[in-house]
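Place chain B on chain L using the hints.
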Amino acid sequence: DGGITQSPKYLFRKEGQNVTLSCEQNLNHDAMYWYRQDPGQGLRLIYYSQIVNDFQKGDIAEGYSVSREKKESFPLTVTSAQKNPTAFYLCASSIDGPPVKLHFGNGTRLTVT
Amino acid sequence: KNQVEQSPQSLIILEGKNCTLQCNYTVSPFSNLRWYKQDTGRGPVSLTIMTFSENTKSNGRYTATLDADTKQSSLHITASQLSDSASYICVVSPYGGSQGNLIFGKGTKLSVKP
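As they're listed, the protein sequences go chains L and B.
Counting in this note's numbering, the first sequence runs from 1 upward without gaps.
Counting in this note's numbering, the second sequence runs from 1001 upward without gaps.
Derived from the structure by calculation, the hints contain no laboratory data.
Just so you know, not all the hints are guaranteed correct.
Distance windows between CB atoms, simulated [stated by the list, open to error]:
| no. | chain 1 | residue 1 | chain 2 | residue 2 | range |
| --- | --- | --- | --- | --- | --- |
| 1 | L | Ala61 | B | Asn1055 | 36 to 46 Å |
| 2 | B | Lys1001 | L | Gln17 | 34 to 44 Å |
| 3 | L | Asp30 | B | Leu1014 | 43 to 53 Å |
| 4 | L | Thr86 | B | Lys1001 | 40 to 50 Å |
The C-beta atom is built at its ideal place from N, Cα and C for all residues, glycine as well.
The following block holds chain L by itself, in its conformation from the complex (with noise of 0.2 Å):
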């Protein structure tokens, strides 16, 4: 069955270590996008990709980075810069072009201590 994957389910780490959240899809989608939710607050948008070897800052891209060194695989790297990392990690992917459905993995809990 086509869908994403994102791994692992939960993650401990501890403060000052940067960490890799891991997406992969085989939905054949363009675009690729990375949401982060706490809650009580709407989805926001840290990172996304229309194509392979571009992408773009999202809300709050501060504290993260991404590659897109293939289609299938959009990795978010949460590093020590990122002052509030503990949430709920959400990989999308798209079709490209409107209307947009987006198609979530089932998420990453982070939580640093």
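Chain B in isolation, oriented as in the chain L frame:
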């Protein structure tokens, strides 16, 4: 400022009852509005999309309405089931906006009790 407001924040209903969730937006110009269902600990899944010219659209027991003049949408759930317990998120796309320019509401958390 483009915003999407959802109400109520949370809702508890008994199994078998109907309910209506609201979404008000200030996005202009408007392209489309989509409702997503998010089960706890999982990613959202699209339920339906409403474009400017559409007033009503159904997907099984879910019926979405759109009033583009008042910038309001509703999601009506008929004969609720325990599996309807989830958060429902309203997402608006501005006309001409990029794919990264979606505006999310904070969601309504629905609990269906037996």
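Verification of the supplied hints:
no., hint, result
1, L/Ala61 to B/Asn1055: 36 to 46 Å, "38 Å, holds"
2, B/Lys1001 to L/Gln17: 34 to 44 Å, "36 Å, holds"
3, L/Asp30 to B/Leu1014: 43 to 53 Å, "44 Å, holds"
4, L/Thr86 to B/Lys1001: 40 to 50 Å, "27 Å, violated"
Hint check: a violation occurs at hint 4 only; the rest are consistent with the structure.
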